[in-house]
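Order-wise, the sequence lines are chains A and B.
Just so you know, we're using the working numbering here: the first sequence kicks off at 1 and counts up by one.
Just so you know, we're using the working numbering here: the second sequence kicks off at 1 and counts up by one.
A couple of the hints might just be wrong.
Said to hold, decoys possible - Derived Cβ-Cβ restraints for the label pairs, each shown as a range:
#, chain 1, residue 1, chain 2, residue 2, range
1, B, Asp176, A, Asn114, 57 to 63 Å
2, B, Val71, A, Phe153, 16 to 22 Å
3, B, Pro76, A, Asn165, 54 to 60 Å
4, B, Asp136, A, Tyr291, 27 to 33 Å
5, B, Pro177, A, Pro283, 47 to 53 Å
6, A, Arg216, B, Pro177, 37 to 43 Å
7, A, Ala224, B, Glu209, 41 to 47 Å
8, A, Lys32, B, Pro177, 38 to 44 Å
9, A, Ala224, B, Asp57, 35 to 41 Å
10, A, Gly133, B, Arg131, 56 to 62 Å
11, B, Arg131, A, His158, 26 to 32 Å
12, B, Asp176, A, Ala274, 15 to 21 Å
13, A, Trp290, B, Gly192, 45 to 51 Å
Stated by the list, open to error - Which chain B residues face chain A? A few, computed with CB under 10 Å, are given here:
#, residue
14, Phe14
15, Pro76
16, Gly77
17, Asp79
18, Arg85
19, Phe91
20, Pro177
No wet-lab data here; the hints were simulated from the structure.
In this text, a Cβ means the ideal position worked out from N, Cα and C, and glycines have one as well.
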Amino acid sequence: MTNHDTGADHPSAPVRVSDQPLTRRQLWLRRKRRKALLVAVTSTIVVFGAAIVLVNTSSGWPKVKTIFFNGERFREDFPEVLSYLWVDVKLFLQCAPFILIWGLVIALCRNTRNPALFPLRAFAAIYTDFFRGVPIILTIYLVGFGIPKLGLFTGEFHFLWFGGNWNSVYLWGPVALVLAYSAYVAEVFRSGIDGVHESQRAGARSLGLSHTQTMRYVVLPQAARRVIPPLMNDFLSLQKDVALLSVLGIIEVFRRATSIKDLTGNFTPLVAAAVIFLALTIPETRLVDWYTARQRKRTGGSVVG
Amino acid sequence: MTAKLSIRNVRKSFDDKVVLDDVSLDVGEHDVVCLIGASGSGKSTLLRCINLLEPIDDGEILLADSNGVLVDISEPGLDPDPVRRRIGMVFQSYNLFPHMSVQRNVTLGPTKVRGQSKAEADAHALDLLARFGLADKAGAYPDQLSGGQQQRVAIVRALAMQPELMLLDEVTAALDPVLVGEVLNVIRDMRGQGMTMVLATHEMGFAREISDLVCFLKDGVILEAAPPGTLFTAPSQPETAEFLQRVIASGRL
């Protein structure tokens, strides 16, 4: 350490609290920070630069550019593809609450201790094994096309804010997604419930709270907070997997992009669809980051961590 | 002396290990009983058995009802919840609910189990918190408090249920010596109010000061039960004397 009086030259140095000269450690930290920044910037420029050069010099790039990244087509097709965004969002919003509820029910079934409820436990285990084991696209085909063919239901249905034809793919498509995703979500919930320390249960039971009350007021609220990040992961997948319902003939962002592609022979609308999905999922991730940070701050830490 | 709690020939094993071996103990109304002994001697298990958090293998535990009649609470198949709401328990590691504010920790039991209105439970909680110097912490979350404060909240949480009997399981063991004093003061206060208590403790000086009866446990057996004046000065069992010697040697008395 040779230089102790440079503090005044760098009024923006964040570690400084007064006009006193920087300590040896503060100087060292500042040097380290600057060096880290320099390395990060250099490596980023090198890696991305190499990637850009590599793509641009490849023999197929001009062709790929006109087929996938055609600016003119993008400007023309993007609004058309975007106009189907609401279909994806709506399907997602219809599925999400039922997945949460049904997934929680399955998880609670697996957590029962009462011997009389063994059938429930067995059902929940088989359910998760089955729906996690079968590709989602198959579930969508089987439920979406199969159940209406059974002809069990006819006419119109009304449930809460939903309504429509009993044999509509707009009913059975989402049902298929709910069935499949609940299996994953149930496992997430179960791990969250198991992760709440036994002492919390003892604390609650010692007050005279019943098993159900202990679950409701003590275990589940803590489990819910723990499982929000992994749940978010599942719901991001769901937002994208809504596009799978297009196999049933539901016209949404991906399906519309594909049909434009079939008409024009240009893949740019699919890139537009990708941009739309990203615009949807990235803010969702940030929202959860914000929420978890807020929770941590509010309760002082260990719940979320 | 009318017994509030009577433990008769209780046995408890975990797998092959016998943790409580033919334990019998009577606790009178308004009495304070201290359980002392090395770690693993069965003190905590005995407390957990009284609160029915652990089922016992044999023997019986009786608790006096409002008429002073002893009722078997350890009967297999009995619903433990009505019993637990009459017995307060405080744990070594507090077991506060980290997702709830201090006030909510305290009012959860009274509102959900005793059916008090929120306003009534809140008022009672604030009274109790104020009594133990925690009035300004009502809105805080457990992780924002010191260990001593957390443990006092845990005691208030148990007291808010207006229990007939309090079980305290090494409630100062996780605290540094400065914070131990504030929690012991709370226990003194409860004794002054006539609360019947059974506590497992390593604080020998405190046990000597506060107890009506001290029980020395070794390997799941109550080797000696005597008033503190007798047990600490003239123990009848060589094992008790040896234990107290070791405690003195480690500077804990």
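Checked hints:
no. : hint                            : verdict
1   : Asp176/B x Asn114/A: 57 to 63 Å : violated, 43 Å
2   : Val71/B x Phe153/A: 16 to 22 Å  : violated, 57 Å
3   : Pro76/B x Asn165/A: 54 to 60 Å  : holds, 56 Å
4   : Asp136/B x Tyr291/A: 27 to 33 Å : holds, 28 Å
5   : Pro177/B x Pro283/A: 47 to 53 Å : holds, 51 Å
6   : Arg216/A x Pro177/B: 37 to 43 Å : holds, 39 Å
7   : Ala224/A x Glu209/B: 41 to 47 Å : holds, 45 Å
8   : Lys32/A x Pro177/B: 38 to 44 Å  : holds, 40 Å
9   : Ala224/A x Asp57/B: 35 to 41 Å  : holds, 37 Å
10  : Gly133/A x Arg131/B: 56 to 62 Å : holds, 58 Å
11  : Arg131/B x His158/A: 26 to 32 Å : violated, 57 Å
12  : Asp176/B x Ala274/A: 15 to 21 Å : violated, 57 Å
13  : Trp290/A x Gly192/B: 45 to 51 Å : holds, 49 Å
14  : Phe14                           : violated, 15 Å
15  : Pro76                           : violated, 15 Å
16  : Gly77                           : violated, 13 Å
17  : Asp79                           : holds, 9 Å
18  : Arg85                           : holds, 3 Å
19  : Phe91                           : holds, 7 Å
20  : Pro177                          : violated, 24 Å
Consistency note: the structure conflicts with the earlier hints numbered 1, 2, 11, 12, 14, 15, 16 and 20.
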